[in-house]
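*Asks:* In case you want the letters, here they are:
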Amino acid sequence: MTPLRISIAASIASVLLILVVLELIRARRLKERYAILWLVTGVALLVLSAWRGGLNTIAGWLGVSGYPPAILFAAATLFIILVLLHYSTVLSKLTDESVILAQKVALLEQRLEEGLDARRGAE
Amino acid sequence: MRTGRVLAIVPAHNEAGAIGAVVDEIRSVDPAFDVVVVDDGSVDETATIAARHGAAVVRLPYNLGIGGAVQTGFKYALEQGYELAVRLDGDGQHDPGELEKLLEPLRRGDADVVTGSRFAGHQNGYRVPFARRLGIVFFARLVSLLVRQRVTDTTSGFQALNGKGIALFAVDYPSDYPEVEATVLVLKHRLRLKEVPVRMRDREHGASSITFFRSVYYMLKVTLALLVAIFRKYAVPREEAGRG
Numbered sequence: 000m001t002p003l004r005i006s007i008a009a010s011i012a013s014v015l016l017i018l019v020v021l022e023l024i025r026a027r028r029l030k031e032r033y034a035i036l037w038l039v040t041g042v043a044l045l046v047l048s049a050w051r052g053g054l055n056t057i058a059g060w061l062g063v064s065g066y067p068p069a070i071l072f073a074a075a076t077l078f079i080i081l082v083l084l085h086y087s088t089v090l091s092k093l094t095d096e097s098v099i100l101a102q103k104v105a106l107l108e109q110r111l112e113e114g115l116d117a118r119r120g121a122e
Numbered sequence: 000m001r002t003g004r005v006l007a008i009v010p011a012h013n014e015a016g017a018i019g020a021v022v023d024e025i026r027s028v029d030p031a032f033d034v035v036v037v038d039d040g041s042v043d044e045t046a047t048i049a050a051r052h053g054a055a056v057v058r059l060p061y062n063l064g065i066g067g068a069v070q071t072g073f074k075y076a077l078e079q080g081y082e083l084a085v086r087l088d089g090d091g092q093h094d095p096g097e098l099e100k101l102l103e104p105l106r107r108g109d110a111d112v113v114t115g116s117r118f119a120g121h122q123n124g125y126r127v128p129f130a131r132r133l134g135i136v137f138f139a140r141l142v143s144l145l146v147r148q149r150v151t152d153t154t155s156g157f158q159a160l161n162g163k164g165i166a167l168f169a170v171d172y173p174s175d176y177p178e179v180e181a182t183v184l185v186l187k188h189r190l191r192l193k194e195v196p197v198r199m200r201d202r203e204h205g206a207s208s209i210t211f212f213r214s215v216y217y218m219l220k221v222t223l224a225l226l227v228a229i230f231r232k233y234a235v236p237r238e239e240a241g242r243g
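So the sequence lines, in the order shown, correspond to chains W and F.
When you line the first sequence up against numbering that gives the first Met the number 0, it's residues 0 to 122, in that order.
When you line the second sequence up against numbering that gives the first Met the number 0, it's residues 0 to 243, in that order.
Worth double-checking, as some hints may not be accurate.
Below, in silico cross-link-like pairs of lysine-lysine (DSSO-like), each with a Cα-Cα straight-line distance of 27 Å or less [said to hold, decoys possible]:
(1) 74/F with 187/F
(2) 220/F with 100/F
(3) 103/W with 100/F
(4) 193/F with 100/F
(5) 103/W with 74/F
(6) 163/F with 100/F
(7) 100/F with 30/W
(8) 74/F with 30/W
(9) 163/F with 193/F
(10) 193/F with 220/F
(11) 92/W with 103/W
(12) 187/F with 100/F
(13) 100/F with 74/F
(14) 74/F with 163/F
(15) 187/F with 220/F
(16) 103/W with 163/F
(17) 163/F with 187/F
(18) 74/F with 92/W
(19) 92/W with 220/F
(20) 74/F with 220/F
(21) 30/W with 92/W
FYI, nobody ran anything at the bench for these hints, they're computed from the structure.
These figures come from a predicted structure and were not determined experimentally.
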């Protein structure tokens with residue numbers, strides 16, 4: 000059985016995570032789009048922490064007999080990997096977009112210079 | 000200041016098949032309409048066709064999604080000094096013949112933002128798939144509750160705005176599936192919102208861009224955004240508001 004103290008500490012940590020994420024959205028420092036995965040993580044960890052019977056059952060399924068809180072760490076790790084993977088895809092998209100922007104700006108600048116030169120030549 | 004001119008903002012993403020007719024139709028309704036087509040990273044001939052039909056065309060270097068595209072139009076309206084703007088979709092489902100109905104409350108000074116609602120007033124035979132209708136009703140109820148004003152259609156992209164509305168949306172407009180959050184934004188800034196019943200046509204070309212999984216994601220995202228927004232003191236980010 001999971002020690003009660005671990006359940007309480009993990010529940011508090013999950014609730015804090017959820018509250019911090021919500022406050023970051025409110026203060027407009029985090030976009031909803033990137034917050035959803037964090038909230039899902041927070042809620043999943045909260046459920047696993049507070050629902051002690053459930054944690055034991057899942058531990059039983061997976062053959063973890065000695066120490067059920069190990070499932071809590073496993074779940075947390077899994078969600079962190081998911082969030083990081085998501086960030087990698089977002090970062091890749093941002094990289095592509097900033098390349099396109101830089102090229103666009105450079106091409107616009109060249110056209111502008113060309114236009115200005117032509118006007119100077121005409122005067 | 001462009002007195003008397005109305006800017007029609009048309010966001011379009013791969014609408015080469017419909018955009019020409021949409022631009023022509025808007026211009027034929029009233030010669031006082033200028034049209035700007037915001038091409039949201041199309042890979043087809045949308046921009047070329049729109050320009051050939053006499054629209055000003057703003058080409059985004061890559062796809063920003065509907066919110067970013069529409070906001071580009073509002074920024075254009077602000078820079079060019081338009082006092083009235085309408086927004087309608089590039090796929091032809093919004094009938095330009097209804098535009099005057101949307102503009103009328105603005106001209107009378109009765110509202111700052113007017114939305115064309117598919118569900119206000121009479122039943123007008125607009126067929127919406129069941130799941131979609133459920134989403135529309137859900138957001139209409141939720142928003143009505145949050146802003147304490149009855150709204151029937153928060154997902155309509157058929158809108159008209161005066162200078163105040165343009166100035167607000169030019170600095171702050173939500174990203175994907177933006178109309179619902181925008182409704183709350185308008186009312187939080189104490190702008191006057193009015194709905195008028197309109198008919199909408201079935202799409203002429205292509206399929207709706209919203210698939211099942213995306214709608215579930217949007218439902219979650221928008222609900223979260225709405226609930227968090229209640230706790231915001233400043234709906235517009237402070238630094239933006241200060242600059243404006």
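*Asks:* Quickly compare the C-alpha distance for residue 74/F and residue 92/W to 27 Å and report which way the hint goes.
*Replies:* 25 Å, holds
*Asks:* Please verify whether residue 103/W and residue 100/F have alpha carbons no more than 27 Å apart.
*Replies:* Roughly 40 Å separates the two Cα atoms, so the pair is violated.
*Asks:* Regarding the pair residue 100/F and residue 30/W, is the alpha-carbon distance no greater than 27 Å?
*Replies:* The given pair, whose Cα atoms are some 36 Å apart, is violated under the 27 Å limit.
*Asks:* Can the restraint linking residue 30/W and residue 92/W be considered satisfied, given a maximum Cα separation of 27 Å?
*Replies:* At roughly 16 Å apart (the allowed maximum being 27 Å), residue 92/W and residue 30/W satisfy the hint.
*Asks:* With a cut-off of 27 Å on the C-alpha distance, tell me whether residue 74/F and residue 187/F pass.
*Replies:* Distance ~21 Å between residue 74/F and residue 187/F Cα, so the pair holds.
*Asks:* Given the hinted pair residue 103/W and residue 163/F, is their Cα-Cα distance within 27 Å?
*Replies:* 32 Å, violated
*Asks:* Does the alpha-carbon distance linking residue 74/F and residue 220/F stay inside the 27 Å limit?
*Replies:* 25 Å, holds
*Asks:* Is residue 92/W close enough to residue 103/W, meaning Cα to Cα at most 27 Å?
*Replies:* 17 Å, holds
*Asks:* Check the hint pairing residue 187/F with residue 100/F against an upper bound of 27 Å on the C-alpha distance.
*Replies:* 25 Å, holds
*Asks:* For the pair supplied as a hint, residue 220/F and residue 100/F, is the alpha-carbon distance within the 27 Å limit?
*Replies:* The given pair, whose Cα atoms are some 32 Å apart, is violated under the 27 Å limit.
*Asks:* Between residue 92/W and residue 220/F, is the straight-line Cα distance small enough, at 27 Å or below?
*Replies:* At roughly 20 Å apart (the allowed maximum being 27 Å), residue 220/F and residue 92/W satisfy the hint.
*Asks:* For the pair we were handed, residue 74/F and residue 163/F, check the Cα-Cα distance against 27 Å.
*Replies:* 13 Å, holds
When held up to the earlier numbered hints, the structure conflicts with 2, 3, 7 and 16 and fits the remainder.
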